[in-house]
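Novice: So you can see what is in the structure, the chains are spelled out below.
Number of protein chains: 2
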Amino acid sequence: MIKSNPDMLSTQPLKGFRDFYPEQMAFQNWFYQNLKAVSESFGFQEYEGPTLESLDLYAAKSGEELVKKQAFTLQDKSGNILALRPEMTPSLSRMIAQAAGRLTFPVKWFTYGRRFRYEQPQKGRGREFFQWDIDILGTDSFAADAEIISIAASFYKKLGLTPQEVKIKINDRKFLQEKLSAMGIDPDLTLPLIKVIDKRSKVTTDNFNTILTDAGLGTEKVSSLLNILDDKDGYKNSEWLTGILNIIKQYGFDDYVEFDPGIVRGLDYYTRTVFEGWDVKGEFRSIWGGGRYDNLTQDVGASQTIPGVGFAMGDMVMEEVLKKCGKFPALTVNKTRVLVTVFSPELFDKSIELSNILRRENTLTELYPDPRTKLERQLKYAARKGIPYVAIIGPEEIEKGLVTLKNMSNGEQKMLQKEQVVEQLI
Amino acid sequence: MIKSNPDMLSTQPLKGFRDFYPEQMAFQNWFYQNLKAVSESFGFQEYEGPTLESLDLYAAKSGEELVKKQAFTLQDKSGNILALRPEMTPSLSRMIAQAAGRLTFPVKWFTYGRRFRYEQPQKGRGREFFQWDIDILGTDSFAADAEIISIAASFYKKLGLTPQEVKIKINDRKFLQEKLSAMGIDPDLTLPLIKVIDKRSKVTTDNFNTILTDAGLGTEKVSSLLNILDDKDGYKNSEWLTGILNIIKQYGFDDYVEFDPGIVRGLDYYTRTVFEGWDVKGEFRSIWGGGRYDNLTQDVGASQTIPGVGFAMGDMVMEEVLKKCGKFPALTVNKTRVLVTVFSPELFDKSIELSNILRRENTLTELYPDPRTKLERQLKYAARKGIPYVAIIGPEEIEKGLVTLKNMSNGEQKMLQKEQVVEQLI
Numbered sequence: 030m031i032k033s034n035p036d037m038l039s040t041q042p043l044k045g046f047r048d049f050y051p052e053q054m055a056f057q058n059w060f061y062q063n064l065k066a067v068s069e070s071f072g073f074q075e076y077e078g079p080t081l082e083s084l085d086l087y088a089a090k091s092g093e094e095l096v097k098k099q100a101f102t103l104q105d106k107s108g109n110i111l112a113l114r115p116e117m118t119p120s121l122s123r124m125i126a127q128a129a130g131r132l133t134f135p136v137k138w139f140t141y142g143r144r145f146r147y148e149q150p151q152k153g154r155g156r157e158f159f160q161w162d163i164d165i166l167g168t169d170s171f172a173a174d175a176e177i178i179s180i181a182a183s184f185y186k187k188l189g190l191t192p193q194e195v196k197i198k199i200n201d202r203k204f205l206q207e208k209l210s211a212m213g214i215d216p217d218l219t220l221p222l223i224k225v226i227d228k229r230s231k232v233t234t235d236n237f238n239t240i241l242t243d244a245g246l247g248t249e250k251v252s253s254l255l256n257i258l259d260d261k262d263g264y265k266n267s268e269w270l271t272g273i274l275n276i277i278k279q280y281g282f283d284d285y286v287e288f289d290p291g292i293v294r295g296l297d298y299y300t301r302t303v304f305e306g307w308d309v310k311g312e313f314r315s316i317w318g319g320g321r322y323d324n325l326t327q328d329v330g331a332s333q334t335i336p337g338v339g340f341a342m343g344d345m346v347m348e349e350v351l352k353k354c355g356k357f358p359a360l361t362v363n364k365t366r367v368l369v370t371v372f373s374p375e376l377f378d379k380s381i382e383l384s385n386i387l388r389r390e391n392t393l394t395e396l397y398p399d400p401r402t403k404l405e406r407q408l409k410y411a412a413r414k415g416i417p418y419v420a421i422i423g424p425e426e427i428e429k430g431l432v433t434l435k436n437m438s439n440g441e442q443k444m445l446q447k448e449q450v451v452e453q454l455i
Numbered sequence: 030m031i032k033s034n035p036d037m038l039s040t041q042p043l044k045g046f047r048d049f050y051p052e053q054m055a056f057q058n059w060f061y062q063n064l065k066a067v068s069e070s071f072g073f074q075e076y077e078g079p080t081l082e083s084l085d086l087y088a089a090k091s092g093e094e095l096v097k098k099q100a101f102t103l104q105d106k107s108g109n110i111l112a113l114r115p116e117m118t119p120s121l122s123r124m125i126a127q128a129a130g131r132l133t134f135p136v137k138w139f140t141y142g143r144r145f146r147y148e149q150p151q152k153g154r155g156r157e158f159f160q161w162d163i164d165i166l167g168t169d170s171f172a173a174d175a176e177i178i179s180i181a182a183s184f185y186k187k188l189g190l191t192p193q194e195v196k197i198k199i200n201d202r203k204f205l206q207e208k209l210s211a212m213g214i215d216p217d218l219t220l221p222l223i224k225v226i227d228k229r230s231k232v233t234t235d236n237f238n239t240i241l242t243d244a245g246l247g248t249e250k251v252s253s254l255l256n257i258l259d260d261k262d263g264y265k266n267s268e269w270l271t272g273i274l275n276i277i278k279q280y281g282f283d284d285y286v287e288f289d290p291g292i293v294r295g296l297d298y299y300t301r302t303v304f305e306g307w308d309v310k311g312e313f314r315s316i317w318g319g320g321r322y323d324n325l326t327q328d329v330g331a332s333q334t335i336p337g338v339g340f341a342m343g344d345m346v347m348e349e350v351l352k353k354c355g356k357f358p359a360l361t362v363n364k365t366r367v368l369v370t371v372f373s374p375e376l377f378d379k380s381i382e383l384s385n386i387l388r389r390e391n392t393l394t395e396l397y398p399d400p401r402t403k404l405e406r407q408l409k410y411a412a413r414k415g416i417p418y419v420a421i422i423g424p425e426e427i428e429k430g431l432v433t434l435k436n437m438s439n440g441e442q443k444m445l446q447k448e449q450v451v452e453q454l455i
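Chains as they are written, first to last, in our numbering: chain A, 30 to 455; chain B, 30 to 455.
If you're looking for bench data, these hints aren't it; they were derived computationally from the structure.
Among these hints, one or two may not hold up.
Repeated chains share a single entry, so a pair holds when one copy, or any two copies, can fit it.
Each computed DSS-like pair below joins lysine-lysine, with the alpha-carbon atoms no more than 25 Å apart [as the list claims (entries may be wrong)]: (1) K364 x K152; (2) K186 x K379; (3) K310 x K186; (4) K364 x K65; (5) K152 x K106; (6) K364 x K187; (7) K187 x K379; (8) K265 x K379; (9) K443 x K352; (10) K278 x K379; (11) K435 x K310; (12) K65 x K414; (13) K97 x K443; (14) K447 x K278.
Using the sequences provided together with the hints, build the complete structure.
Specialist: If you want it as C-alpha cells, here you go:
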C-alpha cells in the first residue's frame, strides 16, 4: 500500500488554508451553484476581479483592523505594497469607477471568489476563504436595500434554512447617528463609537459599559445609548427602515428579517443601512453582513457619487451553520456513471471503442487507465470510487458481440448489446 | 452622466492583472463549463488547492526560472517565505502525498483556478491567469498518457478547433536521453541540454548551434543532435511512443497528434512523455503543455513513488487562439429573461408580486430597483442591458387584471393574464 510519510509536515497546506479534495469540492460546487441560481433569478450578472490589489485601495475605507492587522501584503519589484484581497467591495467600487462612463446603471452584479485575512484560524474562519458578494450600484432608493436583503433570505430558503434557524437583523447607521447627535454626542466621536458598539456582543455587559465610559460618555449618556440599542421598536420612527421592512414583506421574506438597533457593522465605508445574518441559537454571532456604501466608489476614483448596497457571505461559516442545523446536503462526490474495464491488453481496443460510444451519448464514462491490471482489482476500484455501473468486454462478450453490464449496487449483471448498454445508462 | 476621473490611475487593476466585467466573465464561464464537461465525460473528479504555498514546495522541482524569477513571494509573520502558486502540479502532488493512504488509485482529477507569474505581460500572457490542470496519478501505464492527450484533443474538438488549426506534439524525454547517452553525452549534461533544446524555437538556427557548441558539444555531436531533433520518424523505434500513438488512434484523435523529437518542455520534474499544444500557423508557439512526472509526489513527501501524468492549459492563450481561428464563441452576457418595470411608487407592490410569481416559475427576472424612475428610462435600461422582455403594470393593467408584456426585439406588446406571461417567457 502507498502511504504518506508521517515525518514530512510539508504535505499539509499552510495554517488557515484548505485543500479541496473531491469531497470538499463537491460542497464548494453545490454552494456556488445555489448562490449563482439565486443571484441570476433576481437578474444579477456575474463578474470577478484580480486577487491582488494595491494596499492603498483598502487603506481608503476598509477600516484599520482589516488593513493593518489582517492583510496579507507583499512588495512588487518597484517597492509598491500589494495586498491579497481581504474583501471584494473595494475592487468592485474600483471597477465601477473605471467603467462608469460605459455602464448602464443601476448595475446589479454578483461574484464568488477567494478572500484572504491573516487571522487566527478557528471553526468557520480561515486565512483563505470564499465569499459571495452581491451588490446594486447606482441608486439611492431603499428598494435596492430591500431587494438585497430579500436575496439573502431567498438564499436561506433555497438552502433549506428556516426563519426558526437563521435571521437577518437590520439597522440604519444614519438613524443611529441622528439619535447620537440628539444626545449631544460630538459627530467626530460617532465612528469610533460605532466600532465600540460593534463589539458589544463579544464582551460582557459590565465590560461594554466600562468601554463606553472610557470612550468619554457620562453615566447619563451611557444609559441613553443603552436604551437606544435595546429599543426594538425604534425603527417605527424611521421612514427608511419601515420602507425597507414593508418591501421585504411584499417579497414574502418578513419572517427572516427583524430590526436590531445594536447592529452597526465594523467596516468604515457603510453610510446608511447595515445588516447581518445571525443564527437564532447564537452559536456563531454574525454569519455574514452587508450595508449601504454611498461614498466608496467616489473615494476610489469615480468623479461622482455612485451609491451602492450589498452583502458578502463566506463559505466557511455557512458550512458550519448548515451542519449545526442538520441541513448539510447529501453530495454526489463522483458523477461518473460507468467504469469500462479492460479485460486484457489485447482487448484494450474494444474497451476504448465502447467508451467512445458511451461518451458520444453523453454518458460520463471512465476507462480503466491501465490494461495490465486484473479485472477483479478494477471491479474493486469501481466499488471504492462509488461508480454505479461496470462494463466488461472479455473473449466471451466479443464472440457474442455483446457487453456485460454489472450494477454495482445490487451485483446484478447482464450481457447486452451496445445500444442496450447506452439505454440502460441514460 | 457619471464618468470616471481620468486623473486617477487607481481605477485600473495592477499591471498584468485583469478585471472581469460581465462580458469577460461570460467567456470565463464558457471556458470553464467546456473543460469541466470534457473532464467529467472522461470520469475525472474536480479538486482545488490553496492559492498560497510554502516556496519550498516549488523549489523542489519546478525549475529555477519559475521559482527564482517568476514567483510572487511574501513572508508570513514567522518569516517563512510563501508563494502565490505559479502552477498546480506541486500542490496536487502534495495533496496526493498527504492522502495517499486513503485514496483509491489511479486517481483521475481536474481543476481550474488562478496561477501567478511575475513576468512581462503580453498578448495571451498575464501575471494572473487561469489554468485547467488534469492528471492521472498512480499508474505508470502509457495508456494513461494516451488518455490525457486524448482529453486535450477532445477539448479542441469541443471548442470547434480543427486539426488544421491546432495540434498536439509529443515526445519522450527518456527516449531522447537514451539517444544522448548513446552519443556519449555525460548524463549530468542531459537536463541542462534539455533546457537549451526547449529554447530552440525561440532563437535562430545559428544562435541555437552556437548555444550547443558553448554547452560543450563538438561539431560532430551538434550535427548528431540536430539529426535526432529533426527525425520525424524517430518514434518508430520507441515502444512507448508507438504505444501511445496507437491508443490515441483508437480514441479517434490521431489527426490532432504528431511526434516531434524537439519537444522537451522546460519543467524539471518531467521524467518521460512530454507534450505541447501548438497552433498550426505557429503564431503562439506552445499554447499549453504537459507530461509524465514519476518522482514528484515522492519528492514532496510521499513515502513511495506515485507516478503521474497530466497537462495544464491557460485561459489567456486559448482565448487568443480561438479569436485567431475565428472560433471565439457568441456569448450570452446577460441571462435575464424579463425586466419587471415599476409604473409608480404606489404600484411597486404589484411589480414585486409579479416578480415573485415569475421567479417561482424559474424565470430569471429583474425588478427595476428604484420605483421613482420614469417608465421610459426603465425601458431604455432594459434595451441597453439586452433584456428580451419587459413587463408593465400600470393603472390600466390593474383595472383589467392584466400585465403588458413587451418584446424588446420587435417592439410588439400585448396585454396578457399573469399565467400567459409566465407561459410566454418559458
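Novice: Now tell me, hint by hint, if it's right for this structure.
Specialist: Tested hints:
1. In this assembly of identical chains, the alpha carbons of K364 and K152 never lie at most 25 Å apart, being 29 Å within a copy and 37 Å across copies at closest.
2. For the homomeric pair K186 and K379, the shortest alpha-carbon distance between copies (23 Å) is at most 25 Å, but the shortest distance inside one copy (49 Å) is not.
3. Taking identical chains as interchangeable, the C-alpha atoms of K310 and K186 lie at most 25 Å apart only when both belong to the same chain, with a minimum of 18 Å there against 53 Å between chains.
4. Proximity of K364 to K65 under the C-alpha cut-off of 25 Å is found in both arrangements, the shortest distances being 21 Å within a copy and 12 Å between copies.
5. Taking the closest pair of Cα atoms, K152 and K106 come within 25 Å of each other only across two copies (21 Å); inside a single copy the shortest separation is 36 Å, beyond that limit.
6. Taking the shortest alpha-carbon separations for K364 and K187, both the intra-copy value of 22 Å and the inter-copy value of 20 Å come in at or below 25 Å.
7. For the identical chains of this complex, K187 and K379 are inter-copy neighbours only, at 24 Å across copies versus 45 Å inside a copy, given an alpha-carbon limit of 25 Å.
8. Taking the shortest alpha-carbon separations for K265 and K379, only the inter-copy value of 24 Å comes in at or below 25 Å, while the best intra-copy value is 75 Å.
9. In the homo-oligomer, the alpha carbons of K443 and K352 never lie at most 25 Å apart, since the shortest distance is 41 Å inside one protomer and 49 Å across protomers.
10. For the homomeric pair K278 and K379, the shortest alpha-carbon distance between copies (13 Å) is at most 25 Å, but the shortest distance inside one copy (62 Å) is not.
11. In the homo-oligomer, the alpha carbons of K435 and K310 never lie at most 25 Å apart, since the shortest distance is 48 Å inside one protomer and 47 Å across protomers.
12. Taking CA atoms no more than 25 Å apart as the test, K65 paired with K414 passes between copies only; the shortest distance there is 19 Å, against 29 Å inside one copy.
13. Taking identical chains as interchangeable, the C-alpha atoms of K97 and K443 are never at most 25 Å apart, the minima being 66 Å within one chain and 58 Å between chains.
14. Taking the shortest Cα distances, K447 and K278 sit within 25 Å of each other only across copies (21 Å), while inside one copy they are farther apart (56 Å).
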